[in-house]
Amino acid sequence: MSQRKCRLPASGEFTTSNMSAAISSLVSYGSDSDSENESESNTSAEKVESVDPDATTHLKPLQSGHTMSLVVLNSAPEVAVKESVETGTHLDPSLKEVSYNPTFDTLFAPEFGPMNPFKTQQMAAPRNMLSGYAEPAHVNDFMFEQQRRTFSTYGYALDPSIDTQDVSSNNYIGAVDEAEKNKGLTVFESGHKKSEKRKKIKGGDAGEIDGFLGPWAKYVDEKDVAKPSEDEQKELDEITAKRQKKGKNEEDAPAEEKTILHVKDMYDYQGRSYLHVPQDVGINLRSAEAPDKCYLPKKQLHVWSGHTKGVSAIRLFPSSGHLLLSCSMDCKIKLWEVYGERRCIRTFIGHSKAVRDICFNNTGTQFLSAAYDRYLKLWDSETGQCISRFTNRKVPYCVKFNPDEDKQNLFVAGMSDKKIVQWDIRTGEVVQEYDRHLGAVNTITFVDENRRFVSTSDDKSLRVWEWDIPVDFKYIAEPSMHSMPAVTLSPNGKWLACQSMDNQILIFGAQNRFRLNKKKVFKGHMVAGYACQVDFSPDMSYVVSGDADGKLNIWDWKTTKLYHRIKAHDKVCISALWHPHETSKVITCGWDGQIKLWD
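Going by this note's numbering, the residue at position 392 of the sequence shown is 397; the numbering climbs one at a time, nothing skipped.
These are calculated hints, taken from the structure and not from any lab test. There may be inaccurate statements among the hints.
To be verified - Here are the simulated DSS-like pairs of lysine-lysine, each with C-alpha atoms no more than 30 Å apart in a straight line:
| # | residue 1 | residue 2 |
| --- | --- | --- |
| 1 | Lys358 | Lys250 |
| 2 | Lys525 | Lys566 |
| 3 | Lys572 | Lys525 |
| 4 | Lys412 | Lys399 |
| 5 | Lys465 | Lys576 |
Stated by the list, open to error - Pairwise CB distance ranges (calculated):
| # | residue 1 | residue 2 | range |
| --- | --- | --- | --- |
| 6 | Asn455 | Val308 | 31 to 39 Å |
| 7 | Pro475 | Arg277 | 54 to 62 Å |
| 8 | Tyr300 | Arg518 | 29 to 37 Å |
| 9 | Lys186 | Arg132 | 34 to 42 Å |
By construction, the Cβ of each residue, glycine as well, lies at the ideal position given by its N, Cα and C atoms.
Produce the entire structure from the sequences given, and follow the hints as far as they go.
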């Protein structure tokens, strides 16, 4: 058995190679088999030689000789360091207070950051309110209010930015001239001193009952009689002279009446005038019966033109309807033929202002006209003569003869001064006044066999009167009612058709109760503001009315349906009349100055 001798190295004999070998043997320590240990220990010597040279470079001395060096390039741009550029700290411009003492340079350093290129100079300027930069000024409330009021009253105020005690003109802003003129007075300093109180006469001793005046004493300079000075007297004289002149003018006003006959012969070969009812027109105009069945008018038959301004009313000759009377805003009244050649027969001239209304008497021999010149005139239909004239210095809006045969000398007129005035033709005097309305009277309509009449007015009411009794026995007014400036009695005398200003035609019973018939309301036309006359067909099957657009509207009486509408006039169609003997002839007139016949 061979013995192994183990020699420990002497101290200081450890070399670097021994050291690294020891490290590697430590690493391999703890592996599984001895054979591995052995094999590793065999290779350890080789491993020592193959240690990475870089790991131990720093332990070796530098080699002299040729070496290759790398040049290092710094490609980062040069940037100015913040600290070297900025001097001092920056303040936020919007700061209201600073908690330390900044230097002057810090406070007034320019603002950093990009500018908005789209802001105008005015917008970019610093401001602390909408309209600009208001510097704080310490002004007493009273002083501020005083200057503000002075500025709003006189147009000038002290300039608050100037802090001087002595006030000169250049210290004011606004109307500087005014400030100089008023010597800079404010609102609270009135320019003139209050005048002294008027002196009273000494009142004597309170002990004397008769001689004591006390507080009732007169002023020293008091005048008992007020007499106008010379200049005032002149002015007053001028005014009174003017007034008298005006009055005279109006009293002289009845324009001279004249008439023009437009046909060659006033009488025919038998000596009959144009008032004679013709018998050769294919229809019996003298019969009292109405046609059995009426039809809707479709086309225009004729146009009567002769009026130069709008036509305000038309009336057919009583009972026969062979003549047509029209009054117009050109101050003229014309009489036309309805049959034959349909000529203009006569013109009646005698009013100085527009004619408002006309009315035939029962026989048609005379008619009344009411005009804005405040005169009512009675004319002879045949000769054209003006028989008499009536006035009460008010404008008549409507006029009606009493239809009773025994009262043909009486007529009533609705006036602008809220009264209904009754005149007697024979004496020319006012015999009765019905004074209950609260507005101008628009219409008068006789009902109940002419024992009563119904009036409407601008006061939006309807009143019923007994003839010759000046107190209305029925008064109809509802909050919902409108003014009714046109009223027509139906041919059978049972109904009143009233053109209401809320664009509808209302039907009232005309016999005793005067109740509104709620089932019969005719709508669909536009009349607000115009007194468009309504009419019935003779057989009571249709209701006709004009409207503000110049249209002729025809409704069915039974169903209240709007059956037909014809464009009749260019301006307002103010009146529509259904001929009492014809089945489908309707006459309309309008503010275009034309009168048209439809069939």
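Results of checking the hints against the structure:
Distance check on the hinted pair: lysine 358 and lysine 250 sit about 19 Å apart at the alpha-carbon level, within 30 Å; holds. Distance hint between lysine 525 and lysine 566 is fulfilled; the C-alpha atoms sit about 10 Å from each other, no more than 30 Å. Proposed proximity of lysine 572 and lysine 525 is supported: the alpha carbons are some 25 Å apart, at most 30 Å. The suggested pairing of lysine 412 with lysine 399 holds, with an alpha-carbon distance near 24 Å, which does not exceed 30 Å.
Between lysine 465 and lysine 576 the alpha-carbon distance is near 26 Å, which keeps this suggested pair within the 30 Å criterion. At roughly 35 Å, the beta carbons of asparagine 455 and valine 308 sit within the given window of 31 to 39 Å. Checked against the given bound of 54 to 62 Å, the beta carbons of proline 475 and arginine 277, roughly 43 Å apart, lie outside it. Taking 29 to 37 Å as the suggested C-beta distance range, the pair tyrosine 300 and arginine 518 conforms, at roughly 33 Å.
One distance hint, 34 to 42 Å for the beta-carbon pair lysine 186 and arginine 132, holds here, with the actual separation near 35 Å.
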